[in-house]
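Peer 1: Take a look at the letters that make up each chain.
2 protein chains.
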Amino acid sequence: MIDITLLGTAATMPLPERALTAVHLSFSGRSILFDCGEGTQTAARKAHVSLMKTDLIALTHYHGDHIFGLPGLLQTFGCLGRTDPLIITGPDGLEEAMQPVLQLCGSLPFSVSLFHLPQNGVSLSDLIPHWGSDSMLIPVPTRHRVESQGYWFSLRRPGKFNPAAAAEHGIPQKSWSLLQRGNPVTLEDGTVVLPQQILGPDRKGLNIIFSGDTAPCGTLVEAASGADLLICEATYGDDELACQAEKYGHCTFSQAARMAVEAEVKRLWLTHFSQIMENPEDCLPFAQKIFPEAVCGTDGMKITLRYSDDMPLPHRP
Amino acid sequence: MIDITLLGTAATMPLPERALTAVHLSFSGRSILFDCGEGTQTAARKAHVSLMKTDLIALTHYHGDHIFGLPGLLQTFGCLGRTDPLIITGPDGLEEAMQPVLQLCGSLPFSVSLFHLPQNGVSLSDLIPHWGSDSMLIPVPTRHRVESQGYWFSLRRPGKFNPAAAAEHGIPQKSWSLLQRGNPVTLEDGTVVLPQQILGPDRKGLNIIFSGDTAPCGTLVEAASGADLLICEATYGDDELACQAEKYGHCTFSQAARMAVEAEVKRLWLTHFSQIMENPEDCLPFAQKIFPEAVCGTDGMKITLRYSDDMPLPHRP
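Note that the protein sequences, when read in sequence, are chains A and B.
Using the numbering used here, you'd call the opening residue of the first sequence number 8 and step up by one each time.
Using the numbering used here, you'd call the opening residue of the second sequence number 8 and step up by one each time.
Everything labelled a hint here was simulated from the structure, so no lab data went into it.
Among the hints, a few may not be true.
[Unchecked claim] In silico DSSO-like cross-links for lysine-lysine, where the CA-CA straight-line distance does not exceed 27 angstroms:
| no. | chain 1 | residue 1 | chain 2 | residue 2 |
| --- | --- | --- | --- | --- |
| 1 | A | 181 | A | 60 |
| 2 | A | 309 | B | 309 |
| 3 | A | 53 | B | 53 |
| 4 | B | 309 | A | 53 |
The structure displayed is predicted, hence computed values, not measured ones.
Using the sequences and the accompanying hints, generate a full structural model.
Peer 2: So, in structure tokens, the structure goes:
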């Protein structure tokens with residue numbers, strides 16, 4: 008299962024009840040932060056989400072409302088005694104964008120590595136050795152005023168574990184979870200047992216897509232195909248602001264909803280609301296007339312996505 | 008009169024109800040921001056304080072908890088169409104500290120000037136031409152782990168205006184306020200009339216001192232002498248943490264109170280609370296046993312200081 012929390016749902020400038028963009032994803036004690044606007048650490052505290060165990064921060068682009076929370080967050084990590092390395096990924100321009108951020112942070116007691124995801128993504132165990140090989144992150148080119156990318160995250164669901172097969176191969180019980188996570192196990196006699204020898208065929212996993220900032224975009228629709236959750240920017244509510252949305256490289260509510268329909272996603276969360284919308288819910292009908300299950304994100308909104316189709320409704324704080 | 012608002016009262020890391028350090032001061036439509044921790048713009052919105060008219064940001068030092076709100080605030084100024092120039096002042100190292108901040112901001116539609124205050128301060132009209140000559144800002148060396156300074160701000164109260172003398176000198180009524188603010192007036196025939204020709208002797212003005220981060224410090228006590236308000240850092244509540252306070256260049260509640268007594272200030276507001284204090288009020292007796300009028304700052308706490316001694320109590324939101 009995967010826990011998703013919207014930490015901030017504001018575009019451009021923060022409001023008292025709407026922090027700037029950040030999304031937290033966690034599963035099996037591992038966690039990724041997508042974007043980090045100013046106020047992300049406070050938003051996380053409000054939402055009772057610990058960011059300390061974040062191994063990876065994935066940035067969609069380098070506009071201030073998506074990255075100005077980084078210096079404070081990294082210094083807080085340092086103050087709280089973090090020593091675990093941190094990886095930051097993002098589109099082209101990562102080194103230039105992070106240079107002043109890291110300069111502001113000064114000396115930190117943990118390493119920060121900048122990493123460019125290959126076009127076809129990575130198994131996250133290649134990036135973070137202690138993660139299992141069951142999760143994958145793929146960058147999705149998006150259409151904003153600057154170089155930008157969304158992210159497709161998937162959690163593979165291994166086939167059913169066969170205890171009889173495990174016993175037959177002499178695998179000690181303490182190593183079962185390794186196989187369940189998709190890793191091979193080396194026995195004392197040097198024999199290597201592969202997951203596929205013990206597990207049944209893969210079952211349907213979970214996948215989530217976060218748009219970052221983008222105008223309506225074919226690559227995003229394609230990547231989002233069948234996703235369990237699309238978290239999509241929807242900066243402007245009213246259809247009448249479509250011109251403004253296009254000018255600034257953003258979506259309206261109905262454009263986001265149309266992408267959700269085209270991609271046949273299971274759930275759509277709208278986020279990244281312009282401060283001109285006092286209450287984004289007022290504009291929700293623009294999205295719901297196209298994608299009836301569309302939901303307006305709010306700061307601190309959480310969902311636990313489970314493998315079964317028996318999903319609870321999102322919890323709003 | 009002067010309006011003071013504590014925007015943030017947290018040290019090191021922000022809490023949901025305690026933003027990082029920032030103090031807003033305004034008088035006659037002019038305003039100064041002291042320090043700008045992450046979250047200052049949100050804190051100002053919560054406190055119903057507009058920062059748009061801030062002409063001067065005075066930094067006490069360059070630790071992240073005092074400056075990481077700057078990139079976001081400056082970009083917000085830009086987004087809201089500010090064109091008025093902004094001056095930033097601070098202790099030695101200002102250029103180096105602001106370089107990555109301004110690099111993060113990118114292009115802004117207003118100018119940002121970095122200015123070092125001379126040791127004996129400036130009349131703010133020398134710094135900001137449209138301000139009257141009735142206000143003054145003096146840096147006060149403080150004792151922190153890095154180069155740091157507090158600020159002494161004073162608002163002069165000119166003598167009583169004498170309308171008969173003004174009429175005698177042929178001064179048009181529209182120019183009276185100039186004289187009242189301490190500026191000379193040039194008549195149509197070229198005669199220059201000085202304020203002292205029309206106004207009685209200066210009356211008692213107002214002065215305020217903000218400590219920034221500091222351990223107990225003689226220069227601060229000296230500068231604070233008789234101040235209407237001392238806003239003093241008091242990072243640690245319990246006297247037992249005096250060693251820790253000394254180690255990190257901070258004050259305990261009772262040390263801040265002792266400075267207030269020595270300086271014979273009228274009011275003492277404590278601020279910059281460590282996150283280890285869940286409720287700073289619990290430690291207030293440490294301060295009040297020394298300076299009974301000591302008050303724990305809270306985010307959004309305001310006071311209007313008036314020339315008369317008839318002062319209202321601080322308003323807490």
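Peer 1: Any of the earlier hints contradicted here, and which numbers?
Peer 2: 2
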